[in-house]
Every structure is written in C-alpha cells, then in structure tokens.
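A.B. asks: This is what each chain is made of:
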Amino acid sequence: MIRVILPPHLRGLAHVSGEVELDIKGPATQRSVLDALEARYPMLQGTIRDHITQQRRPFLRFFACEEDLSHELPDALLPDAVASGAEPLLILGAIAGG
Amino acid sequence: MSKVRVLVGTRKGAFVLTSDGKREKWEVSGPHFAGWEMYHLKGSPADPNRLYASQTSGWFGQIIQRSDDGGKTWVQPGTPPGEATTPAAGPPKGDSNKFVYDTSTETGKPLTTHQWYDGTQHPWEFKRVWHLEPSLSDPDTVYAGVEDAALFRSKDGGKSWHELSGLRGHGTGPKWQPGAGGMCLHTIVLDPSNPQRMFIAISAAGAFRTDDGGKTWRPINRGLKSQYIPDPEAEVGHCVHRIAMHRSRPGVLFMQKHWDVMRSDNAGDSWQEVSGNLPTDFGFVIDVHAHEPETIYVVPIKSDSEHFPPDGKLRVYRSRKGGNEWEELTKGLPQRDCYVNVLRDAMAVDSLDKCGVYFGTTGGQVYASTDAGDNWAPVVRDLPAVLSVEVQTLP
Numbered sequence: 068m069i070r071v072i073l074p075p076h077l078r079g080l081a082h083v084s085g086e087v088e089l090d091i092k093g094p095a096t097q098r099s100v101l102d103a104l105e106a107r108y109p110m111l112q113g114t115i116r117d118h119i120t121q122q123r124r125p126f127l128r129f130f131a132c133e134e135d136l137s138h139e140l141p142d143a144l145l146p147d148a149v150a151s152g153a154e155p156l157l158i159l160g161a162i163a164g165g
Numbered sequence: 004m005s006k007v008r009v010l011v012g013t014r015k016g017a018f019v020l021t022s023d024g025k026r027e028k029w030e031v032s033g034p035h036f037a038g039w040e041m042y043h044l045k046g047s048p049a050d051p052n053r054l055y056a057s058q059t060s061g062w063f064g065q066i067i068q069r070s071d072d073g074g075k076t077w078v079q080p081g082t083p084p085g086e087a088t089t090p091a092a093g094p095p096k097g098d099s100n101k102f103v104y105d106t107s108t109e110t111g112k113p114l115t116t117h118q119w120y121d122g123t124q125h126p127w128e129f130k131r132v133w134h135l136e137p138s139l140s141d142p143d144t145v146y147a148g149v150e151d152a153a154l155f156r157s158k159d160g161g162k163s164w165h166e167l168s169g170l171r172g173h174g175t176g177p178k179w180q181p182g183a184g185g186m187c188l189h190t191i192v193l194d195p196s197n198p199q200r201m202f203i204a205i206s207a208a209g210a211f212r213t214d215d216g217g218k219t220w221r222p223i224n225r226g227l228k229s230q231y232i233p234d235p236e237a238e239v240g241h242c243v244h245r246i247a248m249h250r251s252r253p254g255v256l257f258m259q260k261h262w263d264v265m266r267s268d269n270a271g272d273s274w275q276e277v278s279g280n281l282p283t284d285f286g287f288v289i290d291v292h293a294h295e296p297e298t299i300y301v302v303p304i305k306s307d308s309e310h311f312p313p314d315g316k317l318r319v320y321r322s323r324k325g326g327n328e329w330e331e332l333t334k335g336l337p338q339r340d341c342y343v344n345v346l347r348d349a350m351a352v353d354s355l356d357k358c359g360v361y362f363g364t365t366g367g368q369v370y371a372s373t374d375a376g377d378n379w380a381p382v383v384r385d386l387p388a389v390l391s392v393e394v395q396t397l398p
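Keeping their order, the protein sequence lines are chains W and A. Just so you know, we're using my numbering here: the first sequence kicks off at 68 and counts up by one. Just so you know, we're using my numbering here: the second sequence kicks off at 4 and counts up by one.
Just so you know, these hints were derived from the structure itself, not from any lab. Computed from a predicted structure; not experimentally measured. Hints should not be assumed to be uniformly reliable.
[Claimed, not checked] Some chain W residues judged to face chain A by a derived CB distance under 10 Å, without partners named:
(1) Pro-75
(2) His-76
(3) Arg-98
We put the CB at the ideal spot given by N, CA and C, even for glycine.
Kindly generate the complete structure, drawing on both the sequences and the hints.
C.D. replies: Here you go:
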C-alpha cells in the first residue's frame with residue numbers, strides 16, 4: 068500500500084480530504100504510483116503530468132523521506148519506506164504567485 | 004417572474020449571483036473551485052441550466068467543468084467524482100481536459116509555430132481556455148478559445164475536444180504573436196441567423212470569420228490601424244480586445260481594439276473608427292444593449308501602460324448612435340481614487356426591460372445597472388479580481 072499526499076487544490080478536485088492510499092502492482096515508481104492515482108481519480112489526469120508528454124508539470128515537485136525526487140526518472144524505484152507505506156509520497160505545488 | 008443569474012469568474016474561484024427580475028436583492032453562491040483561476044463561465048442558450056466553466060491554474064493546468072443544474076453542482080464531463088477508469092468502458096477518462104492541437108495533414112496543415120516576442124518562430128503550446136461559447140441551439144456543443152490561440156469544439160457536452168484546425172492552418176499563423184497576456188483566442192461570436200458563420204478574435208492577430216462552420220477562415224481586419232505595426236494595411240497582427248454583436252443585426256459588429264473603438268456594417272469586411280469623444284479609446288470590454296442594437300457600452304481605460312480609468316474615475320460610456328457620440332455614465336460608480344481595470348470578458352447584459360448591464364473589476368466589484376446604464380450599484384464589492392461576467396435571463 069502506497070500513501071500519497073496531494074496538494075490542497077488537487078484534494079478538492081479529487082474530492083478527498085486526507086492521504087490517498089493506493090495498491091500498486093509491481094515495483095513502486097513515480098510512474099506506477101501516478102498511473103494508479105489517475106486510475107482511481109481520473110479527474111487528476113493532466114494535473115500532475117502533462118496529458119501528452121507525461122512529464123511532471125513544471126510547478127509541481129515530488130518529495131519523500133525528506134528528499135526531493137522530482138528529477139528522478141519516472142521508472143526509478145521509490146524509497147523502500149514509500150514502497151512499504153511507512154512514509155508518504157508528497158506532491159507539492161511550488162511556492163509562487165499570489 | 005423572471006430571474007437573473009450572473010456568472011462571475013475570478014482569480015480565486017467562481018461565484019453565482021442570482022436575483023429576481025427587480026434585481027434589487029442578490030444571493031451570492033461561492034466560491035466554487037476555490038483557489039483556482041476561473042477564466043470564464045457561460046450558460047447554454049438552448050438549456051440555461053447547462054453551464055460550462057474554464058478552471059485553470061499555472062500549477063495544475065486546465066480543467067473543464069460542467070453543471071446541469073444551473074451551477075448547484077459541477078462535474079468534469081465524463082468524469083463524475085469517484086468514477087473509476089476502465090479501458091473497456093471506452094475512451095480514457097479525463098479527456099475533457101485534453102486540448103491537443105491538430106497538426107495532421109489530412110484535416111489541416113502541420114502548422115506548429117507562430118511568431119515569438121523576439122521575432123523568431125515558436126512552437127504552439129497549449130496553456131489554458133480563455134473563453135467558452137455554447138452553441139445557440141445544442142446544449143452539448145460548445146466552442147473553446149484557447150491560449151496559444153486556437154479554436155476547439157466539443158459536440159458531446161465537453162467530454163472531448165477537437166480543434167477546428169482550418170483557423171491556424173489558413174496561412175497567416177506564423178505572423179501571429181502574443182500580447183502581454185499571451186497569445187489567446189478570447190472572443191467567439193456566433194451568428195444567430197447563419198449557423199455556418201462565426202467570428203473570433205485573437206490577441207495579437209486580429210479578427211477572423213468563417214462562413215462554412217469553421218472549416219475555412221479569413222482575416223477580417225481591413226480598416227484597423229495599429230501604430231505598432233509598420234504596415235498600415237497589415238492583414239494580421241492587430242490586438243483586438245473584444246467584439247460584440249446584437250442578435251437582430253448579425254452583420255453589424257462593434258470592436259474594442261487595443262486602442263480604438265471600431266464598427267463594421269458588413270460582417271467585418273471593413274471597419275470604421277467610432278471612438279468619437281471618448282476620453283481615451285483604450286479599453287477591453289464592449290457590449291450592446293439587449294433591445295437597442297445601436298446602443299453600445301465601453302469602459303475607457305487610460306492606456307496600455309496604465310490599466311486603470313482616467314483620473315481615478317470609473318465611468319461607463321454609452322453611445323445610442325452606434326458610436327462616435329458617447330455619454331459618460333457615472334451615477335453610483337466611484338468618481339475618485341479608483342484604479343481598477345475591467346477585463347475583456349467582464350461585461351454582459353440581461354434581456355429584461357429595462358436592460359440590465361453588468362461589469363466586474365480587478366478590484367473585486369461587480370456593478371449592475373437596472374436601467375440601461377443610467378444608475379449603477381455594486382452587487383458585490385470584495386470578490387477576488389474579476390476575470391469574466393456573463394448573465395443569464397431566466398423565465
């Protein structure tokens with residue numbers, strides 16, 4: 068079970084209030100977690116990754132275990148603590164704008 | 004008794020303002036989609052409870068929302084909350100937010116670049132939906148004007164979108180360039196007498212018309228003068244801010260250009276300036292009285308470098324002669340220390356008698372006049388900056 072914490076705007080869009088828990092088949096990677104997230108909450112498609120390129124949107128970052136994972140490859144394994152559910156994967160909006 | 008519903012898009016959410024036909028007491032609903040930029044909301048003329056909304060964010064991209072109950076509840080078309088995606092069920096969900104430029108050789112031309120600020124060519128990149136224009140006859144058909152400039156259409160209630168690629172592909176695209184607000188298609192005007200004809204406007208390219216339902220387009224900018232363009236007869240490159248039409252005379256168009264208020268009596272084939280005695284002819288909004296096709300409204304803004312009313316006085320100007328002769332309307336509007344802006348999609352009229360006129364400001368006020376502009380009062384005073392105002396007159 069993977070735990071994901073969404074930024075407030077996306078929690079509102081997905082109609083969830085707290086952490087999201089996802090079951091992943093196979094290795095836990097950014098791609099597999101986001102695929103599972105978008106399958107459960109299709110209204111989030113395009114909001115974290117670009118619809119076409121599947122690249123992370125520029126003003127979003129991925130953190131876990133106090134590390135910035137934003138520039139890791141999509142198929143790189145997430146930390147064991149995230150894969151085991153001990154730590155959440157944080158999706159954060161950059162601090163910018165008004 | 005008739006009712007009025009005012010749809011307000013702001014920098015931080017959407018608001019729905021409702022009143023009875025007297026338009027004295029208002030109920031305010033919102034914020035809907037709190038924290039999101041709501042560029043535009045508009046109702047279907049064929050089904051007033053069908054509303055479309057453009058919800059957007061620099062962080063999270065573009066969301067299309069739809070309401071089928073007049074704004075009480077909203078869904079992303081095709082993706083109700085909690086509904087799971089299963090490939091066997093058909094196309095992937097989330098398509099309602101997907102705007103993909105058509106570069107195929109079959110349906111258009113592989114046109115992929117426009118002019119960038121430095122004069123070089125730059126690829127088209129989708130950023131957001133500026134304007135949604137529902138069909139006059141079919142609640143499931145709606146047009147979207149987007150940045151970077153292109154026109155999309157949905158025929159399934161917003162579930163999927165397809166570009167009308169003949170607009171970008173007609174030939175002048177490489178000369179289009181972004182204005183300060185981006186290269187946006189912000190105005191879509193449908194001809195009520197001819198379903199094959201529509202008008203659109205782009206900053207900064209100009210106005211365009213189709214007479215075959217969107218397959219082919221041609222620029223309609225003859226008579227526009229833009230001092231920043233070296234060629235006084237330039238076919239494109241003009242920063243048109245807004246076009247308005249009265250449904251009883253679809254061949255007559257009124258335009259607020261970057262500078263200059265313009266008029267066309269031949270469906271855009273040629274334009275004449277009608278700025279007349281306006282204190283400044285820079286501005287964004289322009290609209291037409293619901294029952295008097297020669298009565299038009301603008302809100303003059305000081306200049307393109309000072310986006311606020313001249314002398315700190317918020318004044319609507321009305322011409323009852325289709326331009327050239329303008330009267331200032333000030334009763335109920337702040338006449339000192341007012342430095343708000345009124346953006347291009349932020350004025351609308353109702354169709355009651357007397358005609359109601361509404362506009363929103365970047366200071367968060369929505370003003371209404373229930374007597375065609377003679378007197379004004381704020382409906383709300385402290386919303387986030389207003390991006391768009393649309394009005395529905397309900398039975």
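A.B. asks: For each hint, tell me whether it holds in the structure or not.
C.D. replies: Now for the hints, and whether the structure bears them out:
Interface hint at W:Pro-75: satisfied, since its Cβ lies 7 Å from the closest Cβ of chain A, which is below the 10 Å cut-off. Restraint check, W:His-76 versus chain A: the minimum CB separation of about 6 Å is within 10 Å; hint holds. Annotation: interface hint on W:Arg-98 violated; nearest CB of chain A at approximately 16 Å, more than 10 Å.
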